[in-house]
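Go ahead and model the full structure; you've got the sequences and the hints to work with.
For the sequence shown, our numbering begins at 1 and goes up steadily by one.
If you're looking for bench data, these hints aren't it; they were derived computationally from the structure.
For each residue, glycine too, the CB sits at the ideal point set by N, CA and C.
Honestly, I wouldn't trust all of these hints.
Below, computed lysine to any residue pairings styled on SDA-like, alpha-carbon distance capped at 25 Å [stated by the list, open to error]:
#	residue 1	residue 2
1	Lys481	Gln260
2	Lys615	Gln447
3	Lys272	Leu225
4	Lys498	Gln450
5	Lys272	Ala352
6	Lys90	Ala2
7	Lys615	Glu581
8	Lys273	Gln219
9	Lys252	Gln207
10	Lys481	Thr405
11	Lys481	Thr468
12	Lys273	Arg351
13	Lys90	Lys181
14	Lys153	Leu225
15	Lys615	Lys481
Computed Cβ-Cβ distance ranges for the label pairs, DEER-style [said to hold, decoys possible]:
#	residue 1	residue 2	range
16	Phe65	Asn112	18 to 24 Å
17	Asn395	Pro330	26 to 32 Å
18	Asn112	Gln55	48 to 54 Å
19	Thr68	Asn395	50 to 56 Å
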Amino acid sequence: VAAELRSHSLTTGQPIAWPNISRPEAWLYPILDGRSVKEIWVYRVRGNQRQRVEQATIRPIKESFITTPLVGTASQVASVDSDIALTTVKLMPGQSSDMPWLLLEGQRRYGNTIVRYGQILSYQPYSQRLHRLLNWSSSAGQPPQWRHSETGKQLVINQTVGLRPSFLLYQLVPNDPPQLKEISVYRSVYGSQLSTSLYDKALKLAQGDVWSHSFQMMQSAQRSLAEAWSPDAQNQLDLIRLHAERTQAQTKQTWSNQQQHIFTYLIDGQWKKALTVLEENPTIYETTLKRVEQDFAALWRSVTIHLQVHPQDVTTQIWGALLITARQSPEAAEEWLRKKTRSRATLERLRAVGRQPAPPSVHSDSTTAALPATSGSGRYRSLIGQARVIGNPGNEWLQSQTLPTLLPGQTWYQIDVQLLQDGSGWGQPPAPTAAAHFWAESLALRQKIQLFSHSRPVAGLMIQGIKTTSSGLALLAIGPKLEDAGLVTTNQGLHWLKTMPWQPAPAPPVDNAALNDGDAMALPQPHGIDWLITTTIVQQLGLAVEQTTQLYAQLQYASLDLVGDAAPEYIFSIRPGVPSEFSLTPGKAMIFSNTGELLYSDIGQQQFLLALTHKTSNTPVTLLTEQAGYHTLTRL
1 VAAELRSHSL
11 TTGQPIAWPN
21 ISRPEAWLYP
31 ILDGRSVKEI
41 WVYRVRGNQR
51 QRVEQATIRP
61 IKESFITTPL
71 VGTASQVASV
81 DSDIALTTVK
91 LMPGQSSDMP
101 WLLLEGQRRY
111 GNTIVRYGQI
121 LSYQPYSQRL
131 HRLLNWSSSA
141 GQPPQWRHSE
151 TGKQLVINQT
161 VGLRPSFLLY
171 QLVPNDPPQL
181 KEISVYRSVY
191 GSQLSTSLYD
201 KALKLAQGDV
211 WSHSFQMMQS
221 AQRSLAEAWS
231 PDAQNQLDLI
241 RLHAERTQAQ
251 TKQTWSNQQQ
261 HIFTYLIDGQ
271 WKKALTVLEE
281 NPTIYETTLK
291 RVEQDFAALW
301 RSVTIHLQVH
311 PQDVTTQIWG
321 ALLITARQSP
331 EAAEEWLRKK
341 TRSRATLERL
351 RAVGRQPAPP
361 SVHSDSTTAA
371 LPATSGSGRY
381 RSLIGQARVI
391 GNPGNEWLQS
401 QTLPTLLPGQ
411 TWYQIDVQLL
421 QDGSGWGQPP
431 APTAAAHFWA
441 ESLALRQKIQ
451 LFSHSRPVAG
461 LMIQGIKTTS
471 SGLALLAIGP
481 KLEDAGLVTT
491 NQGLHWLKTM
501 PWQPAPAPPV
511 DNAALNDGDA
521 MALPQPHGID
531 WLITTTIVQQ
541 LGLAVEQTTQ
551 LYAQLQYASL
561 DLVGDAAPEY
571 IFSIRPGVPS
581 EFSLTPGKAM
591 IFSNTGELLY
601 SDIGQQQFLL
611 ALTHKTSNTP
621 VTLLTEQAGY
631 HTLTRL
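Below, the structure is given as structure tokens:
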């Protein structure tokens with residue numbers, strides 16, 4: 001084989017043995033032009049010889065196809081229709097034992113998003129032919145994944161950008177050669193002979209990305225159709241479930257501000273909850289309108305399609321009007337709403353959204369509720385919260401003394417408390433009725449609270465009061481007016497990623513072929529650092545085999561117990577100065593269990609891991625991540 005390749009002046013990548021290297025039946029050789037895969041040659045094994053039986057040309061992928069998942073998002077780029085090469089070939093995980101599937105890959109950076117793209121090929125051992133099944137592109141930076149369903153094997157491609165989920169789902173059709181059939185919610189699988197009202201409405205909602213409601217309605221359709229429920233309809237239900245699980249999970253996360261929480265409710269089609277939060281927090285009205293205006297097209301489609309299914313839904317009507325307010329004007333919004341409903345109450349409710357409560361008159365007899373004096377340091381040690389600038393505070397705040405007059409350069413902040421730490425560890429804030437109790441138990445904490453920009457403290461805050469909100473507790477504070485600061489915590493409250501006890505990744509293991517019996521222990525051991533790098537991490541990053549040894553110099557790691565099981569987890573981070581050919585961003589992080597399970601990754605994502613809570617009990621730590629100025633807390 002080597003002589004044949006030399007005679008054609010060809011170079012190859014790492015050859016692939018199938019089904020395994022100990023008893024191969026075929027060898028697949030990637031033929032390279034520089035780093036690009038141009039062909040794949042297939043050699044059949046006969047005794048101790050190899051016979052070339054297939055020579056398949058690998059065509060590059062159009063850049064316009066690669067960037068398709070970015071269209072209509074903040075990451076959208078103006079790409080030219082150039083040819084982009086594929087650079088790696090490997091056997092696809094989860095393949096069937098009787099038929100190899102090949103995954104060809106490349107990576108390309110667009111702003112802060114790393115897009116993985118490629119082709120899927122299948123090799124038919126009986127016909128000895130390679131067949132191209134699918135081109136794919138993942139803006140989530142993930143390779144295609146196999147999953148099992150009631151209808152058989154399915155392939156998932158994640159094209160999510162930001163908070164709005166987007167998945168492609170394919171059904172494996174075991175023909176010869178096999179086929180991948182895309183599952184779509186844009187066509188009915190039933191004819192006119194059946195009454196499929198619920199099914200049709202569920203499809204309509206899915207077309208508007210109203211996933212959770214669509215999922216509930218499709219489940220009702222499944223029960224209604226009973227024996228008439230078809231495998232094709234089940235596939236559609238599976239696709240809808242994929243999206244609904246993601247949107248529902250996002251609404252249950254702890255978000256750094258109410259605008260983000262409202263936005264996750266809107267993405268999930270929970271119009272009533274989103275409106276309730278906005279009505280209870282009128283100070284965020286303007287910033288919420290700016291946020292939804294950025295995603296106007298997708299939200300407008302969701303609203304209009306939801307109203308086609310439920311034309312009398314009041315909260316959806318109001319959100320439609322709010323979207324028009326954000327894009328045009330309040331007058332245009334009211335005109336649109338009058339065409340949807342004759343209800344005077346609905347119109348008044350729209351006008352009331354965002355209306356600030358009138359400040360108390362200077363001649364008013366009303367007094368602000370007072371807080372008791374506190375003594376002792378209290379039980380609470382630290383907190384995590386999000387600060388936002390507000391106007392002059394009203395009388396809804398509990399306060400311990402008369403509010404001072406602001407000095408030049410100062411402003412009022414409302415701090416929405418997300419997590420609290422006491423002697424037992426980190427947890428959610430106490431019930432809203434416990435505001436006064438929290439104040440009494442937080443004297444030392446209130447004296448240590450600071451504003452942070454990324455992982456750096458930039459200013460102290462003077463806490464002046466407290467109130468309850470729909471989501472928990474909020475603190476009233478005075479501090480300097482700063483543009484790039486919103487995170488609030490204490491100086492010792494978090495384990496910042498920048499100050500982790502990082503160690504450089506160890507030197508790469510010796511080449512297996514160079515090992516003798518006495519060097520057997522130099523091989524990567526299961527669940528060790530080398531094993532994680534050479535298997536799991538390389539696969540997650542989509543690197544070529546020849547890049548594996550180069551990867552060690554680009555990684556640093558820390559070993560900590562993060563989930564409370566007395567076993568170490570491994571945090572890997574990309575070091576500064578990583579070469580451009582890796583398409584990796586310094587500071588990006590991955591967390592693995594000691595068995596190699598991926599627990600967290602922001603590789604290819606727009607978010608960054610900033611810090612972890614200190615583990616003080618047998619419960620997992622909480623991760624603090626940042627994306628476009630918004631902070632999110634996630635339990636590991």
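Verification of the supplied hints:
1. Lys481 with Gln260: Holds, at roughly 22 Å.
2. Lys615 with Gln447: holds (23 Å)
3. Lys272 with Leu225: violated (30 Å)
4. Lys498 with Gln450: The given pair, whose Cα atoms are some 18 Å apart, holds under the 25 Å limit.
5. Lys272 with Ala352: Holds. Lys272 to Ala352 sits at ~15 Å (cutoff 25 Å).
6. Lys90 with Ala2: holds (20 Å)
7. Lys615 with Glu581: Violated. Lys615 to Glu581 sits at ~37 Å, over the 25 Å cutoff.
8. Lys273 with Gln219: Holds: Lys273 and Gln219 sit about 22 Å apart, inside 25 Å.
9. Lys252 with Gln207: holds (24 Å)
10. Lys481 with Thr405: holds (15 Å)
11. Lys481 with Thr468: holds (24 Å)
12. Lys273 with Arg351: Satisfied, since the Cα-Cα distance of roughly 18 Å is no more than 25 Å.
13. Lys90 with Lys181: Between Lys90 and Lys181 the Cα gap is close to 23 Å, so the pair holds against 25 Å.
14. Lys153 with Leu225: Between Lys153 and Leu225 the Cα gap is close to 24 Å, so the pair holds against 25 Å.
15. Lys615 with Lys481: The given pair, whose Cα atoms are some 33 Å apart, is violated under the 25 Å limit.
16. Phe65 with Asn112: 18 to 24 Å: Taking Cβ atoms as reference, Phe65 and Asn112 lie about 21 Å apart, which means the hint holds.
17. Asn395 with Pro330: 26 to 32 Å: holds (28 Å)
18. Asn112 with Gln55: 48 to 54 Å: Given about 40 Å between the Cβ atoms, the range is violated.
19. Thr68 with Asn395: 50 to 56 Å: holds (53 Å)
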